[in-house]
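Undergrad: Okay, here's what each chain looks like letter by letter:
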Amino acid sequence: MFYLQKNVSAMKKTKTPVIYLVLGSLFVCGLNSCGLKKEKITPASPVRVEVMAVRSSDVSDTRTYSGTVESGNGSELSFSVAGTIKNIYVAPGKTVTKGQLLAELNDESLVNAANIAQATLEEVRDAYARLQKLHDADALPDIKWTEMQSKLKQAENAADIANRAVKDARIYAPVSGVIAEKNADAGQTVIPAMPVLKIVALGDVKVSISVPENEISAMKPGRNASISIDALGGEIRDGVLTEQGVVANPLSRAYDVKFRVDNADGELLPGMLCSVKLTPVVDSAVNSRGAIVLPPQAVLLSADNRNFVWLANSGKARMRYIEQGGITADGIIVSSGINPGDSVITAGMQKISNGTEIVISEK
Amino acid sequence: MATDHTTPTPDSQAPRPLQKPAGIVVAGLKYRRIVILLSVVLILFGIYALVKMDKNEFPDFTIREGVVAAVYPGATPEQIAQEVLKPLEDYVFSYKEVNKQKTYSNCTDGMVMIFVELDDNIQDATPFWNEFKLGMDAVKLKLPAGVLAVETISNFGDTSALLITMQSEQKTYRELEQYMDRLRDRLRTIESVGTMDVYGKQNEQIAVTFNPEKLTHYALNEKTLGALLLAKGFQTTGGSLRSDTYTQPIHVERSINSVNDLQQMIIMSLPDGSVVRLGDVATVKKEYAEPTSYITNNGTKCILLSVQMKDGYNIVEMGREVNRQLDAFNAEIPSDVTLFKITDQPTVVNSSVNDFLQELVIAIVAVVIVIMFLLPLKVALIAASTIPIAIFISLGLFYMFGIELNTVTLACLILSLGMIVDNSVVIIDDYVELISDGMDHRSATLRSGTEFLKAIFSATLAISITFFPFLLTMTGMFRDFLTDFPWALTIILMISLIVAELLVPFLQYQLIKEPIYKQEQEAIASGKKKFSFFVSLQKVYNKLIAVCFNHPTATLVISVVVTLGGIALFVTRPFKLMPIAERNQFAVEIFLPTGTSVSRTSEVADSLERILAKDERVVSIASFHGCASPRFQATYAPQVGGPNFAQFIVNTKSDDATIDVLNEYTNAYESYFSDAIVRFKQLSYSNAAYPIEIRIAGDDFAQLQQVSDSIMAKMRTIDGLRCVRSSLDNPLVAAHVVPNETQTSRLGLNNLGIEATLAMRYSSGVPIATVWEGDYGIPVMLKTGTSERSDADDLRNEPMPIALGASSAPLRQFAQVEPQWNHGQLSHRSGRPTISIMAEVQRNVNVIDRTEAVMDAIHSMDIPDGVTISRGGDWDNSMTILPQIMEALAIAVVIIFFIILFHYAQINTAVLMVLSLLLCIPGAGIGMLIQGTDISLTCVLGIVSLMGILVRNAIVLLDYAEELRNQGATLKEAVFQASQRRMRPIFLTSAAATMGVVPMVIGGSALWQPMGVVIFYGTPITMIFILTTIPVAYWKMKARQKGANSPLDEPLETHMI
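As you go down the protein sequences, you meet chains A and B in turn.
Counting in my numbering, the first sequence runs from 1 upward without gaps.
Counting in my numbering, the second sequence runs from 10001 upward without gaps.
Just chain B, with the same shape it has in the complex (with noise of 0.2 Å):
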C-alpha cells in the first residue's frame, strides 16, 4: 500500500531548486483545474467513506485459543491426569502450530481441560481446528473407556457482540425458551448477525425416583427398569410394506405421551393377572431439574441469548438493525417478559467512535486556532484548510483499502493533524519569505515548492516508515492491534505531501500576494501595529540561539546532561502496557473451594448481588450462578464454570461510575466472604487472567507442593497483594468405596457393577427416554432419593442389588467407605506439572512493581533443584512485548539512519541525528511525570511519533543551512541563519502537533491518553532541543570535520533516495 503513495517523488535527479522547479509543482499548476477537481471530488469520496466505513471500536483480535475438554467420571485428578490428560498432550503438542509455553491444562476431579494456545503468527485458526479435530477421534480410541466426552471446542474465543437477557417473575423457563425461540428467527433474519447462542436455559424432566430397596422386593433393579422405559420411549424404523408399485413405512406409535402414562406403565405381570406399574414402585413427576447453573438478572431469573457479529460486517449497523428487530418484538411478547442488554457492543463502538470523531473534529479546530493565532490570517488560511483537504482524502483511501474506522486509525488521524500542516507551511512559509525578498509570486511559488521537496519527503518518508517495524516485530493481539496504524499514518502523510505540493502552490500563488512578513515587522517597526507573536518570539529566539552559539560546549553540556536525566526519569516509570478499559460495566468472578454446592456459591453470589445492587451507581446485575458468562470482550477470557464458581456483569451509570465502584467495593469485599474470594477485575486491554501469576513447574510433585507452600505464605506478607491461592485449591475428600475382594465375589459383585450402580443412584439420573410435547422434548430420568441430598452413611447403608435384583446387601457389607484427599485440581503448563500461585493486587498499584516484589521475596528464599519458577500474569504479557517493542524501535532508529544517509550521505550526519533521537525522551518523561502516566503501548507510539517530527524538523533546519552554504555562507553562519529562518515553522507545526493532541490528553482514555501525554509534553521540549542543541551540535561537528579535511570545504552533495 505504501508503495502507491511513493509515486509524487520527481523522478527529477537531485534538484538544483535554485535552477530547476521540479516537475510535480509545475504540473500542479499547470493543471490546476484538474487538480481542483480531482480534490474536491476525492473530498465527496470521503465524507461519503466516512458514512459507509465499517466502525469497530478495535481492530479484530484473532483469539488463538482453544480448549479440549475431556469427562471421566469418578477418576481423581491424579488419575486423569495421567491415563487421560498424557495422551491427550502427547497429541496437542504434536502439532506445530500450538504455542506450547503457553498451553497449560487443568484436572479436576472427573475432568480435565487443556487450554490450547495457538502461535501468534497463525492469522486464521479455522484450518487448524479442523485437522485438529479430524485428528482427535483417533486419540479418543486410546483413552481409558470410562472417558465419556471428548470435545474441542475452538470457538473459545468467539466475542459476544450483544448479550441480551430475557427474564419474567411469572413465566416459566420453558415458556421463556419459546419466546427466546422466537426472538432468535426474528434476529436470524438480519445478515450481519452471526452465531447465537441461548445461555441458562432449564430443561423440563420427567423424574422417575424410585426406591432401591423397594425395586429388591419386587425383584427387580434399576437396570430392568431402564431396559423397560427405554423400549418403550426408543422410535427405531418399523420397517416397510413393500408391494410392487409402492412402499409403506410402517411407524408404530409411541406410548408415553405423558406422565399419566409413565404412571400407569405395567412393569411387571404375573401370572395369575396382578400387574406391578410404574407408579406403585416409584414416583412419577414432572419437574425442573435442580439446577447446576443459572443465570439472574437483577435477582429475576432470565435466560441469556449471545449474538455474535459476522466478520466484515458494520457492527454499529448491526446494533441499529437489531435494535429494530427488538423493539418490534417487545410490542409482541407479553408484558411480565422482559428484555435486557447486559453488554452492548454497536452502541459502546458508536459512542466511542463518535467520541473520537469529535476528539478529532476538536483537535482540528484547535489546530486550525493554533494556526489562525499564530500566522497572518491568509497563510493560516491555506495551512489550515489542508487538514480537512488531506483528512478526507485519506479516509476515502482507508475506505478503498479496507481500512476501518477504530480508535487506533482515529488516533493515527489525531497524532498526524501536526504533521498534515507542517507540510504545507514548509512550503507557504518559504513562499511568504521568498516574496518579502522581493521575489516575483510564479518563480517564488515554483522554488518554495522545490526548494523543500527532497526535505519534506525524506521527513514525511521518516516518520511513515518508523511505524512499520512494529508490524514486523510484534505478534499476537498487540500486532492485531496495531496492524492498520503504519498504513493508515502513511497513507495520512502522503496525501499531506501531495496536497502540499500540488495544491498549497496553486492556493498561495492566487490568495498571497504581499510580502507578508515584510509588512508585518515593518508594522512593528513603525508602530502601527503593536504586537506580533512571531516577531517577539524570532526576537527572543534569535538571541537564545545567539547565546547557544556562544556557548556551544556550555549548550551541548547542558542537553545532554537534560537528556540523560530525562532518560532516567523515563525507565523509572512504572510499566503498564496495555491499560484498562473504560466501560460502563466490570465483572466480578467468585471463587469457592473446590467442592463447594452452587446452593453455597448462590448465596455468596446472591448476598454479594444484595450489597452492590444498594448501590445507586450500579444499574444492573447479570448473575452467573455456576457457570460464567460468555466473552463479552475481546480481552476477557471467561473462566471455566463449575459449581464453585459465580460471575456477575455488573452495569454502572457511566465509566466514572465503574471506577467508583470499584474503588469502593474492591478492597471491602474482595476477602468479606471468608470461603470465597471475590474479584472485581475492571475491564482491561490485557489479556493475562490474573494479575500476578507465579508458576511453580517441576517434576516432583510433593516437592512443588512444598515450595508452593512456602512462596505463597511469603507473597501473603507482601504489601500491595490480595487474595494469594494457588492453583491446587483445596483438596477434595472423597469418599473412597473400597470393595472386599472375598465378599464381593462372593455376592456375585464386581467392581464395575458397583461403580455402575453407584453412579446411577448418586448422580443427577440417568436419562433413559424422551417424551415429546410438540417440539419440546422432554427426558425421561430415572433417579433415587440419595440423588440430590446423601451422606456417607447413605452411601455406607446403600442395599445393592444382587443376583439381578433378587436380593440385596447394604454395601458396607463388601466395601469400607473411607475419606480421601484428592487435590482440587492439577495442572500441567507446557506438559510439565505446574502450580501456579495467583495473586490480585491492590487496586491502582502497579502490577508490574508488585511482580518484581514477590520476585524478589522468592530470590531469597531456597528454591530446590528441579523446581522452576517464572512469572506470569501481566508481567508476563507485558515481557513479552517488551523485547518486541524495543526491537521495533531499534528497527525503526535503522531506518531513520539510512533514511538520513541516503539523504546525506554523511554518516556522522546520519549518527547524529541518531543520537539527537535521543533528545525526545526528557519531553516525554516530564510529560508522564507530571501527568503520572505508565509506561504503554500508546506512549511508546508516542515517543515514536515524536523521533519522526525531530528527524523532519532537523531534516528541514539542516537542509536548509546546506542551501545557504551552497549560496556561500560560512558554516557557522549557514546553520545559524538557518535556525533562525526554520524557527517560525518549526514552532508552528509543533505547535500545531500539541495542540492536535490536546483533547487526546484530556478525554483522559486510558488508552490513548499516555500517546496524548508524551506527544502534548514532549513536542514543545523537542522542539526546543531542535531548536538549539541540533544546529550547535551540527555546527560543532562540521566544524571539527571541516578541521580534519581543512582545504575542501566542499558544500554537502545532497541525493535523493
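Excised from the complex, chain A in its bound form (with noise of 0.2 Å):
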C-alpha cells in the first residue's frame, strides 16, 4: 500500500499521515469485512405458553381398601353323635357336589339300637291293635287306652330316634364347595359336635376390607364395589355390600364390612388379596356436583400467600386469584376463581407477569 502513497504524498503536505490512516483502515476493515455488525435491539417476542381449557369434571371420591377374599358359605361338618369314624371319603381340596356322603360313623351299635326300638316298636303295635279292638268295643277302661296310645308314640319316637342316629352317622355335603380341612381320621372316636371337615362353598364368596370409623356412615348395605384381585393379575370383579360390622378392630380402629362377589367359575379362592374401590353413589351431595381440577403445576403461589393461576385472555397473560379446595390424584382442586371455559397456562408461568403478550403453542 506504501506504493500507492508515491503519487499522493508529493502532492500535498499534510496528506500523508491521512492517508496512512485511510488506507491502513481500508486494509484491515476490508479483511476484516468491517467489524461493525451490531443488531437492532428488538423487544422479546410473545411468549410461548400451553393453555388448558378449564372443565368440570366428576372428582370421584376414589377411596380403595385393601380386603382379604372370605369363603361365602363355609360350613364346618361334624357327627351329631358320638361315635368312631368309619371312613372319610374326601381329602382336603376336593370338589364335593351337594349330597355326596363325605364321612361315617362306625354305625354298629346305632343300627342296632335302631333294630331294638324297632322291634320294641313292633310289640308296642301288636298290643295296641289288640286294645283298639277291646276299646273299640268300650270294654277297656279309658284309662288303659290312654296309656297304650303313649306306649305306641313313645315307642314310634324312640323308633325314630334311633333311626336318625344311624343315619347320623353319616355326613353329606350341605352344599356343593370345596372340602377346606379335615380334622379327624377314620378309627378316631369323635363326639358330637366336633368338627370333622371343613366345606367352602363356592359360586359367591365374601371380600372383607376394614373401614375407618369415620369413613363406615358411608357403608350401606346394597353399595356397589369394584374389586380388583391381586393374584388374578389384577382382574376386577363386582361386589355388592351384604354385611356391615358392629364392633371395630381394637388394633386398626376399623370395622369389617364384607361385600359379596359372584365366583361362578371359582377363580376366587378364600385368603386372596384384593383392593377395593367403592364406586361413587350418584345422589351423593359430595359427588354429584362436578369441579375443577387442575394439573398441580398450573397453580401458583403470589407474594401475598394467595393462590393464583394465569390465565390465556386475548393473547395476554392475566393473573386470577383462586382458592384451592384439595389435592386429588389429578391435581388441584379449584373451589373458585375460574369458571369452565376459561384458558389455564400450564406451562411458561415463569417466562409471564401480568399483561405478557403470549402465543399458544400447539404441544
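Mixed in with the good hints, there may be bad ones.
[Unchecked claim] What follows is a set of in silico ranges between Cβ atoms, one per label pair, in the way DEER data are often shown:
| # | chain 1 | residue 1 | chain 2 | residue 2 | range |
| --- | --- | --- | --- | --- | --- |
| 1 | A | D304 | B | H10736 | 16 to 22 Å |
| 2 | A | N305 | B | Q10170 | 53 to 59 Å |
| 3 | B | L10230 | A | N305 | 55 to 61 Å |
| 4 | B | D10311 | A | N305 | 27 to 33 Å |
| 5 | A | P250 | B | Q10170 | 56 to 62 Å |
| 6 | A | A291 | B | E10741 | 25 to 31 Å |
| 7 | B | L10148 | A | S335 | 34 to 40 Å |
| 8 | A | P250 | B | A10145 | 31 to 37 Å |
| 9 | B | Y10288 | A | D304 | 43 to 49 Å |
| 10 | A | D304 | B | D10355 | 38 to 44 Å |
| 11 | B | S10607 | A | A291 | 29 to 35 Å |
Simulated from the structure, these hints should not be mistaken for laboratory data.
Model, not experiment: these values are computed from the prediction.
Note that beta-carbon positions come from the ideal geometry of N, C-alpha and C, so glycine has one too.
Put the two chains together into one complex; each comes in its own frame, and the hints tell you how they fit.
TA: Spelled out as C-alpha cells, the structure:
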C-alpha cells in the first residue's frame, strides 16, 4: 500500500498521515469485513405457553380399601352323634356336590339300637292293635287306652331317634363346594359337634375390608364396589355390600365390611388379597357436583400467600386469584376463581408477568 | 525479576555524550567476541526453550469457589433456610477469607447449597479448605437430626482438560464401566494426569419390590424385612480361633450371592414347618434403577471421563500422551464401543499457541518488511535482526524464570515488536546521521550509543513499569490473567535495550561505513534516484511542522479539540471487559420449573437435540440429562444439576460455525419450549453466571417477592432482554400430610414412624444389602410399587402398618393430605434473603448497556425501604474490575510522571508530558469506532502501551532538543530541529509497532483484537500528535517559562535516575 503513496504524498503536505490512516483502515476493514455488526435491539417475542381449557369434571371419591377374599358359605361339618369314625371319603381340596357322602361313623351299635327300638315298636303296635279292638267294644277303661296310646307314641319316637342316629353317623355335603379342612381320621372317636370336615361353598364369595370409623357411615348395604384381585393379575369383579360390622377392630380401629362377589368360575379363593374401590354413589351430595381440577404446576402462590393461576386472555397473560379445594390424583381442585371455558396456562408460567404477550403453542 | 535487568544501567553519572562515551558501549565494542558468543548461546537457548516451555492457552486461574451442600429430606425450603442454612452460614461467615459479598446459597426442597466464594487475594485455597472441612464436623452436630449429609466440595473450580465419552449401542452400562476402568488404568500411568472422574454411570441394582398390604397379611412389615436382608448381606468379623502359636480368623460365608438366593430366602418359618420365602411376598429382579440423571453423546448412551491435569505440566505434552494411550486402547476394545473427546484442551491450547506463534512470525516478517521498505537496506538489516535476537533471548529467559508460553505472554511479544526495534533504530539512525555529518565511524558508534542511552533507558523503563500497577490493583481472575504480562514485557524490552547497546553498535560499525542518508539525499537531488520515501516524507513533515510553529495557538487548540473529541468518542464506546471465547463448541442449558421430572426434562432436551443435530455445522452433541457437565472451561461455571435441568456441550465444525449456529438458533429456540428456558451459552472469559442479574435483598420476604414481581414485569417490557425469570422459580406443590393427633396416638403411630414408612415406600428404594459379583457390588434395594409412579390418592390409601405390621390402616384414616405451596428455591446472598432476577440478552447486544436500561427502569419505580437492589451478572463483574483498571491507569500515570520528573528534573515538563498522555485517546477511540470494538481489558492494555510509546518518543524528541540547546541553539530552533531530526525514527518505530499488530487485528480474536485495534489505529494518530503538538507545546511552555525567569537562559540539566 505504500506504493500508492508515491503519487499522492508529494502533492499535498498534510495528506501523508491521513492517507496512511485511511489506507490502513481500509486494509484492516476489508480483511475484517468491517467489524460493525451490531444488531438492532428488539423486544422479546411473545412468550409461548401451553393452555388448558377449564372444564368441570367429576371428582370421584376414589377411596380404596385393602380386602381379603373370604368364603361365602363356609361350614364346619361334624357328626351329631358320638362314635368312632369308620371312613372319610374326601380329602382337603376335593370338590364335592351337594348331598355327597363325605364321612361315616362306625354305626353297628346305632343300627342295633335302631333294631331294638324297631322291635319294641312292633311289639307295642301289636299290643295296640289288640287293645283297640277292646276299646272299640268299649271293653277297656279309658285310662288303659290312653296309656296304650302314649306307649305307642313313645315307641314310635324311640324308633325314630334310633333310626336318625344311624343316619347321623354319615356326613353328607350340605352344599356344593370344596373341602377346605379335614380334622379327623378313620378310627378316631369323636363326640358330637367336634369339627371333622370343613366345606367351603363356591359360587359366591365374600370380600372383607376394614373401614375406618369416619368412613363407616357411607357403608350402606347395597353399595357397589369394584374389586381388583392381585392374584388374578388385577382382575376386576363387582361386589355388593352385604354385611356391615358393628364392632371395631381393637388394633386398627376399623370395622369389618363385607361384599358379596360372584365366583361362579371358582377362581376366587379364600385368602386372596384384593383392593376394593367403592363405586361413587350418584346422588351423594359430595360427588354429584363437578369440580375443576388443574395440574399442580398451574396453580401458583403470590407474594401475599394466595393461590393464583395465569389465564390466557386475548393474547395476554392475566393473573387470577383462586381458592383451592384440595389435592387429588389428577391435580389441584379449584373451588372458586375460575369458570369452565377459561384458558389456564399450564406451561411457561416462569416467563410471564401480568399483561405479558403470549402465543399458545400447539403441543 | 525486573531488577535483574536494570544492571545495564551505566553507573557513570550524567553522561555528557560529547565528552565521554558510555562504558557499556565501549565494553560492547571491546569485548565484541564475547558479546557475539553470548548472543549466539542465548539465542540457541531461546530456541531450545521455545520447544521445551510449558504451553497453556491461558495463565492458571485460581477458582476461589467451593460448595457446601446439605441434604435434609422432607424439609421445605423455608425449613431448611431456618434450620440448616443459618448455622451453616454462621460458620461460613466466621472465616475472614470468605468473600461475604459473593457468597450465596440456594435452598430447594430437601437440599441447600452454599456457594462459598473466597477473597480474591487468596492464591492457594487448599489450606483454607482443609481447615474449613475440619471445623465443619463441629457444625454438623448443631444441625437437625434429619440432615443426612453435609458435604464440602472444594474442587468445584477444577477444570477438566479432557472430557472423553465412551458410548455403545449394545453394551450395558456395567460393561462400559469395566472398559472405562481399563482406560483409567491406562491413563493413570501418565505422569501429568491428575484427578479422573467418571460421570453418567448407572448402577445395576437388585430391586425387592413388595406390596405393603400383602406384607400385612403375613403380619410382617418392611422394617423386619429390611432387617432380615441386612442380616444376610452384612459382613462383620467372625472372631478368630486362637491357639498358643497361631491365630485363625473365622469367616462366615455370605449366603446371598444372586437374585435366586434372594428369592429363595426364607423370611418366616412356622412351627408346622411351612415357610414363607422372599419370593412369595415380593418380586426380586435385577435392573437398572430408573435414572435420576444420565448422559448421551449424539443420542447414544454413554459414560463420561473427565481428566484433569496436574499443575505444572505441559498440557500439550499431556494431550499427546493421552492420545497415544487412547489409540492403543481403541485397538483392544470391541468396535461398537467408541470413544469421543468432547472437550480437548490440549488440542485447543496447541492450536491457539500455534496460531499465536504464527501471528508472531507474521508480525515479525511484517515489521521487517516495513523496516526494509522504509530504511536503506543495511540499516534495515541491522534493525530487523534485533527482533529475532531479542525475542529468542527473551524466550530463554521466560523459560528460566518459569514464565509459560500462553496467549498473554505471546500477545506481549507481539505488542513489544515495535518497541524492540525502537531502541536499535534510535541508535542506528543517530549513527548514520553522525557519519553523514562527517564523523568517523568509531566516534560515531560510541556517540550514537551514548547520546540516547539515558533517553531510551528512561523510555524503556517507563513502558515496562506502566503495566506493573495492574498487578497491584487487580484482583481475582483478571489478576491471574495478567500476572506474567508486565514481567514478560519488562524482560523483552530490557533485552532489546541491552541488544541495542551491546550488539547494535558493533554491527553498525562493521556494516555501515558510508553516510547513507547523505548519499540518498544527494542521489535524489542529482536525480539519480527518483524517489525516496523518507526524503519525501521529510519534506512533507518539514512543511507541516513549519506550519505548526507558525500557528502554535491553532495547533494547540486543534489538538485539544481533537483530544476532547477523542475522549468523548472513547467513553461512549460500550463496555465489554471480558469478551467471548472463540471455540468450536458452545453450551446449552435447559431449565424447567422445579418439580419437573427427569423424563419431561429429557423430552425437551431430546427434541432440542434432534433439532440441533439436523444442522450440518453441528459435529456432536453431548447431552447431560438431570445433571451438569464438569467444568470444561475455566470461566464456565457449571450449573447445579437436578431433575429439572439438562445441558448440552455442542461441538461445531469451526469457531465461525459456532457463532453462526448461535446467531441462528438462540433467538428461535430460547423460548421455543413453553415450559423450558433454553440458554445458548457461548463460552466467554466472563465468569458471571448470568449476563444480567438484579438482586433484590431484604428481610421481609413477602415484600421482596412483591418487589421482584413488579421488577420482573417491568423488565419483561424492556427491549433486548430475553427469558426474564426469578431465582424463586415456580412454587413446588407438596402433598402435605397432616396427621390427626388423636387418631394417630390411638393407633399407636407417630409422625416419625409415618415419615419413615412413607420415605421407604415413596422413594426410589432403601439400600439394605450388597451382593457382590466379583468387584462389582450390586445394592439390594427395598421398594414398593409406589416408588416410581404415584399420586395423591395412592398416598391417601397407603396402608400404614399398625402394631409392627399385625394390622394396617390407610393413611387417610388418621391424616389429611393437603396441597402445600412452597417456594421452588430460596436464596441468600451475603447471608440475607435475596431474590435474583436473571435475564438473557439478545445476541450481539451489549450487556452493560441493557443492564443500565434495566436500572433506569427500576429507578423509576417505587422501591420500599428495607429492600435493596443491586446488580450482578456481567455488569457487576465489569464494575468490580473497572475501578481496579482505573486505579492501575492512575498509578501508571503517576509513575510516568515521576520517571519524567527524574529524567528532566522539571515539574512543568513532567506535567506537560502527563497531560499529553491524553493524546493517545483520540487514536484509540477512532480505531475502536471504525472496528466497532468494545472497551475491554486488552483494549486498556493497548492504551497503556500507547502511553508508553508516546512517552518514549516524546523523551527521545525532547532530549534531542535539549541536546541542541546545550550546543547553543535557541529554544525554538532546538525544538524545531529536533522534531525534524527525530521524525524519521519516530515514524519508523510507529510504523513497526503498527505493522506488528496487523495479524492481531486481522486475526479477529475477541480477546486480543481490541488491543490490536487500539495500537494499530492509535500509534499513527498519536504519532502525528507527538510530532506536532508536543514540540509546539514544549516550545510554548519553555518560552513562557523563559519569559518568567528571563535572564537565566540555562540549558536544561538532566539527571540519571
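Undergrad: Give a verdict on every hint.
TA: Outcome of the hint check:
1. A:D304 - B:H10736: 16 to 22 Å: With Cβ atoms ~20 Å apart, the hint holds.
2. A:N305 - B:Q10170: 53 to 59 Å: holds, 54 Å
3. B:L10230 - A:N305: 55 to 61 Å: violated, 44 Å
4. B:D10311 - A:N305: 27 to 33 Å: violated, 52 Å
5. A:P250 - B:Q10170: 56 to 62 Å: At roughly 59 Å between Cβ atoms, Q10170 (chain B) and P250 (chain A) fall inside 56 to 62 Å, so the hint holds.
6. A:A291 - B:E10741: 25 to 31 Å: Once the Cβ atoms are compared, 29 Å apart, the range 25 to 31 Å for E10741 (chain B) and A291 (chain A) holds.
7. B:L10148 - A:S335: 34 to 40 Å: Roughly 38 Å apart at Cβ, these two residues keep to the hinted range, so it holds.
8. A:P250 - B:A10145: 31 to 37 Å: This hint holds: roughly 33 Å between Cβ atoms.
9. B:Y10288 - A:D304: 43 to 49 Å: Holds, at about 46 Å.
10. A:D304 - B:D10355: 38 to 44 Å: Violated: the Cβ-Cβ distance is about 58 Å, outside 38 to 44 Å.
11. B:S10607 - A:A291: 29 to 35 Å: holds, 34 Å
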